[in-house]
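If you read the sequences in order, they're chains A and B.
Heads up, the final residue of the first sequence is numbered 349 in the numbering used here, and it's a clean run with no missing numbers.
Heads up, the final residue of the second sequence is numbered 349 in the numbering used here, and it's a clean run with no missing numbers.
Please keep in mind that the hints were generated in silico from the structure rather than gathered at the bench.
The reader is advised that the hints may include incorrect statements.
[What the hints assert, rightly or not] To give a feel for the contact side, a few chain B residues facing chain A, derived at Cβ under 7 Å:
hint, residue
1, K95
2, P124
3, K126
4, L128
5, C130
6, L211
7, G228
8, F257
9, F258
10, D293
11, V319
12, T336
Glycine included, each C-beta is placed from N, C-alpha and C at the ideal position.
Number of protein chains: 2
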Amino acid sequence: MADDSANKKQPLLSGLADQNIGTVKKRRFRRCKTTPASDADFFGSYKGRELFPGSNSILRNFRPSFRQASLLLIIYLIVGCTCFYLVRDQIVGKKTNGILDALYFCIVTMTTVGYGDLVPESVPAKLLACAFVFSGMAFVALFLGKAADYLVEKQEVLLVKAVHLRRKVGTRQMMKEIEAKRVEYKFFTIVVALLVLVTLGTIILVKVEKLNIIDAFYCVCATITTLGYGDKSFSTTFGRVFAVFWILTSTICLAQFFLYLAEIQMEHRQQTLVKWVLTRRMTVVDLEAADLDDDGVVSAAEFVIYKLKEMGKINQEDVALVMEEFENLDVDQSGTISNSDLLLAQSVE
Amino acid sequence: MADDSANKKQPLLSGLADQNIGTVKKRRFRRCKTTPASDADFFGSYKGRELFPGSNSILRNFRPSFRQASLLLIIYLIVGCTCFYLVRDQIVGKKTNGILDALYFCIVTMTTVGYGDLVPESVPAKLLACAFVFSGMAFVALFLGKAADYLVEKQEVLLVKAVHLRRKVGTRQMMKEIEAKRVEYKFFTIVVALLVLVTLGTIILVKVEKLNIIDAFYCVCATITTLGYGDKSFSTTFGRVFAVFWILTSTICLAQFFLYLAEIQMEHRQQTLVKWVLTRRMTVVDLEAADLDDDGVVSAAEFVIYKLKEMGKINQEDVALVMEEFENLDVDQSGTISNSDLLLAQSVE
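Could you put the whole structure together from the sequences, leaning on the hints where they help?
Now the structure itself:
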């Protein structure tokens, strides 16, 4: 069965025929065959078998769509607004318009800003606030953060496109650059967004809420960090209309900022590790450990698995799981899968 | 050079000699050689070459130690406490003891609870609060969360040990169980911790702050979510001493709770994907794409790489990076690394 293909020693070396052993080594595996055009999937033009190519692809693919998250947010706000509107007489503090106050209270609660300029007074209103702060936190943590990440990624592409407009580089190369420096670009995008939001918030607080510039900035800081002492807050009708949109965006922005900061930190550490793993000297013990099929030599694929394990990108459980499947597919038990194995497997079915 | 080892076809199949092709297939790669006792590193008894075995191992190894995080926290609190003590006359609200209030204000600010029972009044005090809330957030996000994760993992081991005390299972098997259900156990541990903290907080608020049970629970909810409306807060000396420890622990606990919830969600999705990748039918096109060294058949290692890529655990960049290193090591360009390659590489140096 597979024995004839196992005998084909020539193809393995065929690519090397024209190369000599020199001090400057050329690349032999110029384009690994196992990468079926992985750049293409950025534009959704990818129709192939390999559904999830990138390392973060699982995240990206399972991420709730922006539309889905918006819809959920609207439903959440409508429910919250209705509930708090119904108990509006049991909420005390500075009031403007009934519905606006309910919406504002809902936003201030779900983002955990909690100024305290409006506070629930009755038992039902208090329990309602408890329910909404927990569900709001879960909603922000599990949905809105991911939706924001998606938006930032879109913005990031626009940003890089704008930067590259003059230098005529191909889209493919541009996408490669984004892929390589994804986290850095995201971080940059979020910093810009934060600066815009902080400035906007300060201006509105000065112009509309008539605060002095220091108080306005202090209120902005207290809000975006969700601190919300409540000594300064939005008390006018227009201020609260603005606050509804601004609080939600700016608090999520700052949370994403810290997330990307942690990601950058992590990535730099991982790069250090990868460098260490790749440059350290291989020993005979390593060689023996990496030799998956016990043939006395380490093939390219075996080497890759061994090194990726050392880098912590995959673990033994992952490998064991796939190995089990491999043994099922290797019907003739030759230690390799060939076309005949596939045919055999189908005929068994 | 490596040609003699390439001719050794027998060793590849040697393990299969005693097996027949049957309907029930036995495992051939019983214990993959590339796993050098990965269970051992739980107890730090691991001294070997493979520094980072688990999938989260990079995280685990680079995580700041608990002692380091505690030290940083103490420094942060001393600095914060000193600063706020110095501006204590510029902070208005319910006051008890000078130093205690400064510490309490520092904790309420860094965790972004921000009751507003103590608020900065002067410009310097306001700017100081802004500085401390940002640095506090960064500190909690980048350090304390990870330290908490470390603590939870320790607790988790104790928990499983306690459960397994009666059934006499080996430590190794127990560790395997923890590894497999790591996130679930963490989640369970944090839920227990949260319940204890919520109960404790409610009791103290009833007994010390003389709140009724509903108000106490409402204040607990408003605090652990960092909402902090501030209509109910800690105003007695003993209440604030308790609050200093309790607020820090409970807010971090709730944040970890949501983190683990998201991790569980992610893991379940990944398991679905892994199942899909493993059960879908291999085609001739897959076979060709997976054949890394162009020898017409897919070896076990090649199959593992192809499938792990499909699962999104590794990507082409990872593989390409290691392949480059492989080519450097394969001095005789045989397509495999053998002992002679290693010797040759050393003699070149």
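Hints and how they fare:
1. K95: Violated - the Cβ of K95 of chain B stays beyond 7 Å from chain A, reaching only about 15 Å at its closest.
2. P124: Violated, because the Cβ-Cβ distance from P124 of chain B to chain A comes to roughly 10 Å (cut-off 7 Å).
3. K126: It holds, given that the least Cβ distance between K126 of chain B and chain A is near 4 Å, below 7 Å.
4. L128: Given a least distance of 10 Å, the restraint on L128 of chain B is violated.
5. C130: holds (4 Å)
6. L211: violated (11 Å)
7. G228: holds (5 Å)
8. F257: violated (9 Å)
9. F258: Hint holds; F258 of chain B Cβ to chain A Cβ min 4 Å, cut 7 Å.
10. D293: Cβ of D293 of chain B sits 5 Å from chain A, so the hint holds.
11. V319: Holds. Min distance 6 Å.
12. T336: With a minimum Cβ separation of about 4 Å from chain A (threshold 7 Å), the hint on T336 of chain B holds.
Violation of the numbered hints given earlier is confined to hints 1, 2, 4, 6 and 8; the remaining hints are satisfied by the structure.
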